[in-house]
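Modelling step: build the complete structure from the supplied sequences, incorporating the hints.
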Amino acid sequence: MITTSENKLTAKDFVPDQDVKWCPGCGDYSILKQVQTIFPDLGIPRENFVFISGIGCSSRFTYYMETYGMHSIHGRAGIIASGVKSANPNLSVWVVSGDGDSTAIGGNHFIHLMRRNLDLNYLMFNNQIYSLTKGQYSPTSEKGKITKSTPFGTIEAPFNPAELALGANASFVSRTLDRDPKHMQAILKKANQHKGTSFVEVYQNCPIFNDGAFFAYSDKETKKEEAIYVENGQPLIYGENNNKGIKLNGLTPEIVDLTTTGVSANDLWIHNEQDKTKANLLARMFDAVVPDVHFPRPFGVLFAEERPVYEEMMQSQIENAKAKKGEPNLDSILSGDKTWTIN
Amino acid sequence: MDTAQEQVAGNKVNFIDTENVVIRFSGDSGDGMQLTGTQFSDTSAFFGNDICTFPDYPSEIRAPAGTIAGVSGFQIQFGSKEINTPGDSYDVLVAMNAAALKVELKNIKKGGVIIANTAGFDKKSLRLAQYSDDADPLKDGSLSDYKVLEIDITKHTKESLSGTNLGNKEVERAKNMFILGLIYWMFDRPTEHTEAFIKEKFGKKPDIAEGNILALQAGWNYGENTEIFTSRYRVASAELAKGNYRSITGNHAAAIALIAASKKAGIPLFLGSYPITPATDILHDLSKYKASGVKTFQAEDEIGGICSSIGASYTGHLAATTTSGPGLSLKIEALGLATILEIPLVVINVQRGGPSTGLPTKTEQADLLQAMYCRHGEAPLPVIAAASPSDCFDTVFEAARIALEHMTPIICLTDGYIANGSEPWRYPTEAALPMIKVHFASKDEWKEGPYLPYKRDEKLSRPWAIPGTPGLEHRIGGLERKHETGHPSHDPENHEFMVKLRQQKIDKIADYIPEQKVNFGKESGKLAVLTWGSTYGTVRNSLIEMSKEGKEVSHIHLRYLNPFPKNLEAVLRKFDKILIPEMNNGQLSVLIRSKYLIPTISLNKIKGVPFSADEIKAKVNELLNN
Ligand SMILES: Cc1ncc(C[n+]2csc(CCOP(=O)(O)OP(=O)(O)O)c2C)c(N)n1
Ligand code: SF4
Ligand SMILES: [Mg+2]
Chain A
1 MITTSENKLT AKDFVPDQDV KWCPGCGDYS ILKQVQTIFP DLGIPRENFV FISGIGCSSR
61 FTYYMETYGM HSIHGRAGII ASGVKSANPN LSVWVVSGDG DSTAIGGNHF IHLMRRNLDL
121 NYLMFNNQIY SLTKGQYSPT SEKGKITKST PFGTIEAPFN PAELALGANA SFVSRTLDRD
181 PKHMQAILKK ANQHKGTSFV EVYQNCPIFN DGAFFAYSDK ETKKEEAIYV ENGQPLIYGE
241 NNNKGIKLNG LTPEIVDLTT TGVSANDLWI HNEQDKTKAN LLARMFDAVV PDVHFPRPFG
301 VLFAEERPVY EEMMQSQIEN AKAKKGEPNL DSILSGDKTW TIN
Chain B
1 MDTAQEQVAG NKVNFIDTEN VVIRFSGDSG DGMQLTGTQF SDTSAFFGND ICTFPDYPSE
61 IRAPAGTIAG VSGFQIQFGS KEINTPGDSY DVLVAMNAAA LKVELKNIKK GGVIIANTAG
121 FDKKSLRLAQ YSDDADPLKD GSLSDYKVLE IDITKHTKES LSGTNLGNKE VERAKNMFIL
181 GLIYWMFDRP TEHTEAFIKE KFGKKPDIAE GNILALQAGW NYGENTEIFT SRYRVASAEL
241 AKGNYRSITG NHAAAIALIA ASKKAGIPLF LGSYPITPAT DILHDLSKYK ASGVKTFQAE
301 DEIGGICSSI GASYTGHLAA TTTSGPGLSL KIEALGLATI LEIPLVVINV QRGGPSTGLP
361 TKTEQADLLQ AMYCRHGEAP LPVIAAASPS DCFDTVFEAA RIALEHMTPI ICLTDGYIAN
421 GSEPWRYPTE AALPMIKVHF ASKDEWKEGP YLPYKRDEKL SRPWAIPGTP GLEHRIGGLE
481 RKHETGHPSH DPENHEFMVK LRQQKIDKIA DYIPEQKVNF GKESGKLAVL TWGSTYGTVR
541 NSLIEMSKEG KEVSHIHLRY LNPFPKNLEA VLRKFDKILI PEMNNGQLSV LIRSKYLIPT
601 ISLNKIKGVP FSADEIKAKV NELLNN
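Protein chains in written order, with the numbering used here: chain A, 1 to 343; chain B, 1 to 626.
In case anyone wonders, no lab produced these hints; they're calculated from the structure. We put the beta carbon where it would ideally sit given N, CA and C, even for glycine. Worth double-checking, as some hints may not be accurate.
Claimed, not checked - Heads up, simulated SDA-like pairs for lysine to any residue below, C-alpha to C-alpha not over 20 angstroms straight-line:
no.	chain 1	residue 1	chain 2	residue 2
1	A	Lys338	B	Leu35
2	B	Lys482	A	Pro16
3	B	Lys288	A	Pro16
4	B	Lys199	B	Glu210
As the list claims (entries may be wrong) - One side only, chain B facing chain A, incomplete, derived with CB under 8 angstroms:
no.	residue
5	Lys242
6	Ser292
7	Gly304
8	His317
9	Pro470
10	Ile598
So this is what it looks like as structure tokens:
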């Protein structure tokens, strides 16, 4: 059995002897595969990985990883993981959660996790539906969606998870999709490298209850027009033969045709992961960030900033107090400052 | 007051010896009554009295000055005999304003002393206290049953500080020290203890320290030099057991019990909590112990409080969450998770008046059945309860021991009355505290086959393998576990087996706790009073006093509410009648009746205040006579 970083782990070492029980064709399989594929490369001893998941099809993930793990309760994975990481900062903590788990019942924990910035990785499998409970709309379902609980269509405006995470002061916000294994692997590695809470939204197909929700971003015929892959330091270019770009006019994005307008790559919006204002614009390229203009959906790392992480600040307050006062012995805590003796 | 008078030679003032005294300091929230009361308590404890205190705050932080809603009280009973309660009615009331008098009047003993600050009885104050237009209780003769001493405390404080540079506000603030000095004189107590406290507190502001000390001394001298007092009182020191003492509140005792348990278990402490009255002070207190390595996490809500603790427990910490009734309700789903995970977790519920926001600053014992039964599915948990402020230490320490040694979440009940109240505590040394046995599984112990996270030991508890342990990687979760392997399992036979096994595991804790004893009185007889939680003190007091009148009634007090001590039924059956007084609608009665089919008799009080000795005695007498 391989357990330490000295011996090279393989993907197989992360496969437990349990049957995987997702439906055939479920996007969750791809995510599991990519995680198992990159884990041996992270240089982390297997016993230091911990998966914490909530409840949902997605949250079964924990049972399929040969690591430490807890399949917990609906919506609470992030806050349980916060306890794990605060208590033992040496662990590599991974949260797996669904769109409902994260943004409905667990919405409060989600936003507070983002602002606290513990150094952990948060994978949100967004299938825009409650799958485990057989197909009700979720907070990420598009307006008007017909589901079992909305036979006449939803009347709610959806959350855009990336925008929500940014608004909650997340230090790393990214988006990838089940049908692009290479991209997902790259994003997972970046998430692992980032020190802080790394939010990874994974568009995940549920063939049973919301089939094809994201096919526009992966189907050959449409993906070039509908998806834009952003890379730090690179201009925003997409389209058939990379013929389109996005330019910023002040803070208003504009789509330009690179073949006809004479605009060059240098004039385009150059992606800068650390620019929060622009990251907000990117995240909002979701609905009509500009009325009546249809923008492609961005994938990649939308935002990343280095800032102190919670568990280290917690630890350093402890270290500072110890350095200043010395660790008190238990007897002095029991007696307090004021005592008297009865003889 | 049980008194004996003595004329001190050459002094017009009588010294009256008395066994016990109840003083109530009462004033506006801003009048500093809590500090005054605490100082008087500390000095009396230091002097060797047994004491019991009860701070009684308004639920508004700063209700409009002078109003009834803004009255803040601090009560202390001190004596030369065993004191178990802050007392039912007052021998001395300090009323800083008319509202305070209005609120407290019903609880002053006939013949008791009222010290009224006349500056707080002007037209405006009387109106704010809702006295009718021309009524002035100091003038209208309505206080003829009491000894009323009218003193313009505000004016005297001002005069005593006229030589200082203090501004009006600071002078005004020092009036609580004037009254404290006067009360010290009245009870023949030195001012040194408080002077040392003032110097330390205002170390960086010597002006203010000096002003406060001047006011304190002026109060003392006022007693000495004016002739309005005809008597002073002496309360001899109590015959407490030999040893080292400190004063402690229930919440502080709970906080340091967690620290002690973590040291004795050899693992770090983590508290996940969300502020709620009256439990918040445990969070405040533990947050100060950074140098002891304590990790405190103020979560976004109650659910976050318990869930962060579940995470910390999973990694091998002693994990706790603290709350009050409504907060416990929010934690229930996660408590179900902790139950099926079978991980250690201490849940401290400082009860208050409910349901909902109820009486948030008042006390009640109405969460017993919530602690016992409020769960989804069959999810038994151990439940224990503290009897007094200092007993919060032993009970919380014991809760941590049970959680860790039996791998289970546990609910520990205290209430607002003992959480905020204080008493002298003969504190233990580290060496005297028992070790708590914690064992983390390692690969060496599991060489032969796969790790079985749900294999049982003789206590029926499971092994604890924490993340970071090579070779024991495994998954746990909220789905039903297969016996021993811990894999998710929907097998009906296994589910029933596991439900029963979890029940047996909790029942088995009874093999590891002390047998029930009769706390006071004979082991059999006509009547026993059965208590749990904070009713302990009043009942004990009442029965001790009744025994002096020749009435034999036994007292049985329960710390362990689930499981009950193994011999409890046998102990109870030795009595013809069992009376259970509770600050709820009869919840322990429900448990005892359903478990043993013993027809208990309930005495219930649900008014946000503890029982008085008279109420207990009246019921006991009624039962003795029938
Ligand atoms: C307290 C509680 N309420 C409701 C449920 C039922 N429930 C389980 S999963 C789920 C929604 C899951 O949706 P999502 O998080 O998007 O996960 P998916 O199944 O789509 O992966 C719901 C409502 C539950 N398990 N617990
Ligand atoms: S219901 Fe949908 S999300 Fe759930 S396992 Fe099946 S395909 Fe996957
Ligand atoms: Mg979903």
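Results of checking the hints against the structure:
1. A:Lys338 x B:Leu35: Holds. Lys338 (chain A) to Leu35 (chain B) sits at ~16 angstroms (cutoff 20 angstroms).
2. B:Lys482 x A:Pro16: holds, 16 angstroms
3. B:Lys288 x A:Pro16: Violated, because 44 angstroms separates the two Cα atoms, which is more than 20 angstroms.
4. B:Lys199 x B:Glu210: holds, 8 angstroms
5. Lys242: Result: holds, 6 angstroms to nearest chain A Cβ.
6. Ser292: holds, 6 angstroms
7. Gly304: At about 5 angstroms, which falls below the 8 angstroms cut-off, the nearest Cβ of chain A leaves the hint on Gly304 (chain B) intact, so it holds.
8. His317: Given a least distance of 5 angstroms, the restraint on His317 (chain B) holds.
9. Pro470: Because about 4 angstroms separates Pro470 (chain B) from the closest Cβ in chain A, which is inside the 8 angstroms limit, the hint holds.
10. Ile598: With Cβ-Cβ at 38 angstroms, over 8 angstroms, it is violated.
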